[in-house]
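Sequences listed follow chains Z and Y, in order. For reference, each letter of the first sequence is one residue, going 1 to 283 in the working numbering. For reference, each letter of the second sequence is one residue, going 1001 to 1297 in the working numbering.
Simulated from the structure, these hints should not be mistaken for laboratory data. Misleading hints may appear alongside valid ones.
Just a sample of chain Z residues kept apart from chain Y, beta carbon distances all over 12 Å, derived [to be verified]: (1) Leu41; (2) Met45; (3) Lys51; (4) Glu59; (5) Val67; (6) Ile74; (7) Asp94; (8) Val104; (9) Val129; (10) Ile183; (11) His224; (12) Tyr280.
Straight-line alpha carbon distances no greater than 27 Å define the calculated DSS-like cross-link-like pairs of lysine-lysine that follow [claimed, not checked]: (13) Z/Lys3 x Z/Lys168; (14) Z/Lys12 x Y/Lys1106; (15) Y/Lys1099 x Y/Lys1189; (16) Y/Lys1048 x Z/Lys12; (17) Z/Lys279 x Z/Lys184; (18) Y/Lys1232 x Z/Lys12; (19) Z/Lys93 x Z/Lys12; (20) Y/Lys1106 x Y/Lys1189; (21) Y/Lys1099 x Y/Lys1194; (22) Y/Lys1232 x Y/Lys1048; (23) Z/Lys93 x Z/Lys279; (24) Z/Lys12 x Y/Lys1007; (25) Y/Lys1194 x Z/Lys3; (26) Y/Lys1194 x Y/Lys1106; (27) Y/Lys1106 x Z/Lys279; (28) Z/Lys3 x Y/Lys1189; (29) Z/Lys168 x Y/Lys1048; (30) Y/Lys1007 x Z/Lys184; (31) Z/Lys184 x Z/Lys168; (32) Y/Lys1007 x Z/Lys93; (33) Z/Lys93 x Z/Lys168.
Some but not every residue of chain Y turned toward chain Z, in silico, with C-beta under 8 Å [stated by the list, open to error]: (34) Ser1012; (35) Phe1021; (36) Ile1029; (37) Phe1034; (38) Ile1115; (39) Ile1164; (40) Ala1192.
Ideal Cβ positions, reconstructed from N, Cα and C, are used throughout, including at glycine.
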Amino acid sequence: MDKRILEERFFKVLMIGSTFIVVGSLFALFLVVVLKGAPALSLSMITQTPKGGYYLGKEGGVLNAIVGSLCLGIGATVLALIIALPAALFLQKDYIGGSRFATVTRLSLDVLWGVPSIVYGAFGFIIMVYLGIRASLLGGIIVLTLLELPIMVRALDEVVRRVPQELKYESYAIGATRLETTIKIVCRQILPGAVTAVLLAFGRGIGDAASILFTTGYTDRLPHSLLDPVASLPLAVFFQIGTPFPEVQQRAYASAVILLVIVLLLSIISRLLARRFTKYVIR
Amino acid sequence: MRLRRLKDLLASRLMLSATVFSALLVVFIAIGLFLKSRSILSIQPLNKLLFSSSWHPLNGEFGLYPFIMGTLWVTVVAMIIAIPLCLLTSIYLAEYAPKRVRGVVKPTIDLLAGIPSVVYGLFGLLLIVPLTQSIAPIFGITTNGYNVLSGGIVLAMMVFPVIISISEEVIETVPYGMREASLALGATKWQATKLVVTRGALPGIIAAIILGFARAFGETMAVLMVVGNVAKAPSSVFDPAYPLPALIANNYGEMMSVPQYGSALLFAALVLLVVVFLFSVGARLILVRVERRYRVG
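Assemble the whole structure, with the sequences as input and the hints as a guide.
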């Protein structure tokens, strides 16, 4: 047989093999974590806070961490959206579009996207010392907001860029200002994509551990105010796996399953919502 | 009409400030970290901080060398594992895979990107650590499984989505005509891919690899859980390591108590930031150039 065809076959096998390894590693991850965590998953895990002796293997659950993570994630996502949406809209052609300022901003956001979360954590810690805040829900929200900001602006920017320019011209032609066009036409047009962007950032925020390690503290109680320390799921996994007791380590696996389920749900919800909101798209 | 104009003006001012804030965030972070690490820089010269291997915070010796080497070892091992797998996968997805396969594989890889790092860490503890422990005796080495190789494997998995999604996109931007020209000259599909497509996409692929490297360089929790955390520069993949991010994460408690210690840790964070900054700016500049070339051409 032709040598060239042999080469083609050889590389095709290699390529399919590597694709299998990449996809297989994801399935292995799910399988291992879920198989380990599922037996320890119980109703009390998600409905109770840790009781006395929880970290020795006694009664209780990780409700504190679930509630904490949701508060942190929602708070940060809302704050990040308040800054990210105007910024992404400002990157439109109608405002600063193709200017050098826009290019630099995009570059800067891309760099921020790659900044390790531990660096955000360290920076957050500096801010908190400067403002005199102790490790608390508020501190965690501030850090996660900064972490989510570049992800959200860049994702929204990609969506905003895809709005057809003619659509805006039509709006200008009937006398609308830029602001009116942006709010009534652009914001409506980007709705499906924006939902995906926001939930992507939310997923990133809720799963991050390194950035909130210094800034949220950890507690067995539910948070009552912004200045209370707060537990979170990623840190619950991390701390419980670090204990020497097998029962507690079991719960680390269970907490990881809860975290995985939340992240997966977010991804599914974002796809469903995006499909639903497509009906608001003008064209 | 005047009111509507005013609203428009006010809104665009607000949007401007949101944009400026987002754009300058990286500068704020750099300045914040620099101001805080100044006190350690004034005590110890930069080259001693970076290249001395004595880490004895209580005696005032802060040599980051073992940690920098730890980070490099783990990251390089991860890249050696990830690069061939990612390139073959992205070429397969872009050139060969049937639509149905792509439709399944691409969302799966995106999903991989969204999994929290502690979950990767758990996976590493459960599967990879025992795996490297049982592999090591083949090479006549005993290890408890918490070593550079375990960290590298877990990290490799974490950079899969970064490298694959970017390089696949870049490969797709190579104009179809280039492939056709090559096929018309009698090249096999693989030859066209190898000689024309990957060559055209090369700068973009390099950028994707650099971004993957930057991501791996700063990853904290997953690595910290499997890499052993022994403050000594590793000399083989079966040695434990103590990467910079793990150093910061494990000792944050001391940041408040010992001012110099805290300053040294924030300096470590600054080192991470600078490295990641240089790498990502470089990669993005390459990508911008790639995009421009094919958009015009």
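Hint-by-hint comparison with the structure:
At roughly 14 Å, the least C-beta separation between Z/Leu41 and chain Y is larger than 12 Å, which holds for a residue marked as non-interface. Against chain Y, the non-interface label of Z/Met45 holds: every CB pair exceeds 12 Å, the least being about 16 Å. Here Z/Lys51 stays apart from chain Y, with its beta-carbon at least about 24 Å from theirs, past the 12 Å limit. Its beta-carbon lying about 23 Å from the closest one in chain Y, Z/Glu59 satisfies the requirement of being farther than 12 Å from that chain.
With 12 Å as the threshold on Cβ separation, the claim that Z/Val67 sits away from chain Y holds: the shortest Cβ distance comes to roughly 17 Å. No beta-carbon of chain Y is positioned within 12 Å of the beta-carbon of Z/Ile74; the least distance is around 17 Å. The claim that Z/Asp94 is not at the interface with chain Y is violated, since a C-beta of that chain comes within 12 Å of its own (minimum 10 Å). Not every Cβ of chain Y is farther than 12 Å from the Cβ of Z/Val104; the closest lies at roughly 7 Å, contradicting the non-interface assignment.
At roughly 8 Å, the least C-beta separation between Z/Val129 and chain Y is not larger than 12 Å, which violates its mark as non-interface. A beta-carbon of chain Y comes within 12 Å of the beta-carbon of Z/Ile183; the shortest separation is about 9 Å. Every Cβ of chain Y is farther than 12 Å from the Cβ of Z/His224; the closest lies at roughly 24 Å, confirming the non-interface assignment. Consistency note on Z/Tyr280: stated as away from chain Y, and its beta-carbon is indeed over 12 Å from all of that chain's, at 22 Å minimum.
A distance of roughly 57 Å separates the Cα atoms of Z/Lys3 and Z/Lys168; the hinted pair therefore is violated under the 27 Å criterion. For a cut-off of 27 Å, the pair hint linking Z/Lys12 to Y/Lys1106 stands: about 18 Å separates their Cα positions. A C-alpha spacing of about 17 Å is found between Y/Lys1099 and Y/Lys1189, which places the hinted pair at or below 27 Å, so the restraint holds. For the given pair, Y/Lys1048 sits about 50 Å from Z/Lys12 by alpha-carbon distance, which is inconsistent with the 27 Å threshold.
Of the supplied pair hints, the one linking Z/Lys279 and Z/Lys184 holds, its CA atoms being roughly 15 Å apart against a limit of 27 Å. Annotation: proposed proximity of Y/Lys1232 to Z/Lys12 is violated, straight-line Cα distance about 42 Å (limit 27 Å). Restraint check: the Cα-Cα separation between Z/Lys93 and Z/Lys12 comes to about 43 Å, which exceeds 27 Å; the hinted pair is violated. Using a Cα cut-off of 27 Å, the hinted pair Y/Lys1106 and Y/Lys1189 holds, with the two alpha carbons roughly 22 Å apart.
For the proposed pair Y/Lys1099 and Y/Lys1194, the alpha carbon gap of about 21 Å is at most 27 Å, so the pair holds. The suggested pairing of Y/Lys1232 with Y/Lys1048 holds, with an alpha-carbon distance near 16 Å, which does not exceed 27 Å. As the CA atoms of Z/Lys93 and Z/Lys279 are separated by approximately 25 Å, the hinted pair is consistent with the 27 Å bound. A threshold of 27 Å between alpha carbons decides the hint, and for Z/Lys12 with Y/Lys1007 the separation of about 59 Å lies outside it, so the pair is violated.
Note on Y/Lys1194 and Z/Lys3: the hinted pairing holds, with a Cα-Cα distance of about 15 Å set against a maximum of 27 Å. Pair hint Y/Lys1194 plus Y/Lys1106 holds up; C-alpha atoms about 22 Å apart against a cutoff of 27 Å. With a CA separation close to 25 Å, the supplied pair Y/Lys1106 and Z/Lys279 stays within the 27 Å bound. For the given pair, Z/Lys3 sits about 13 Å from Y/Lys1189 by alpha-carbon distance, which is consistent with the 27 Å threshold.
Simply put, Z/Lys168 and Y/Lys1048 have alpha-carbon atoms about 58 Å apart, too far for the 27 Å limit, and the pair is violated. For the hint pairing Y/Lys1007 with Z/Lys184, the CA-to-CA distance comes to about 14 Å; that is within 27 Å, so the pair holds. Of the supplied pair hints, the one linking Z/Lys184 and Z/Lys168 holds, its CA atoms being roughly 10 Å apart against a limit of 27 Å. At roughly 19 Å between alpha-carbon atoms, Y/Lys1007 and Z/Lys93 fall within 27 Å of each other, so this suggested pair holds.
Using a Cα cut-off of 27 Å, the hinted pair Z/Lys93 and Z/Lys168 holds, with the two alpha carbons roughly 10 Å apart. Against a cut-off of 8 Å between C-beta atoms, the interface hint on Y/Ser1012 holds, since the closest Cβ of chain Z lies about 6 Å away. Restraint check, Y/Phe1021 versus chain Z: the minimum CB separation of about 6 Å is within 8 Å; hint holds. About 5 Å separates the beta-carbon of Y/Ile1029 from the nearest beta-carbon of chain Z, less than 8 Å, and the hint is met.
For Y/Phe1034, the interface hint is violated, since its Cβ never comes within 8 Å of a Cβ in chain Z; the closest pair sits about 11 Å apart. Interface restraint check: Y/Ile1115 against chain Z, minimum CB-CB distance 7 Å, threshold 8 Å, status holds. For Y/Ile1164, the shortest C-beta to C-beta distance to chain Z is roughly 7 Å, which falls under 8 Å, so the interface hint holds. Taking 8 Å as the C-beta contact cut-off toward chain Z, the hint placing Y/Ala1192 at the interface is violated, the least distance being around 10 Å.
Consistency note: the structure conflicts with the earlier hints numbered 7, 8, 9, 10, 13, 16, 18, 19, 24, 29, 37, 40.
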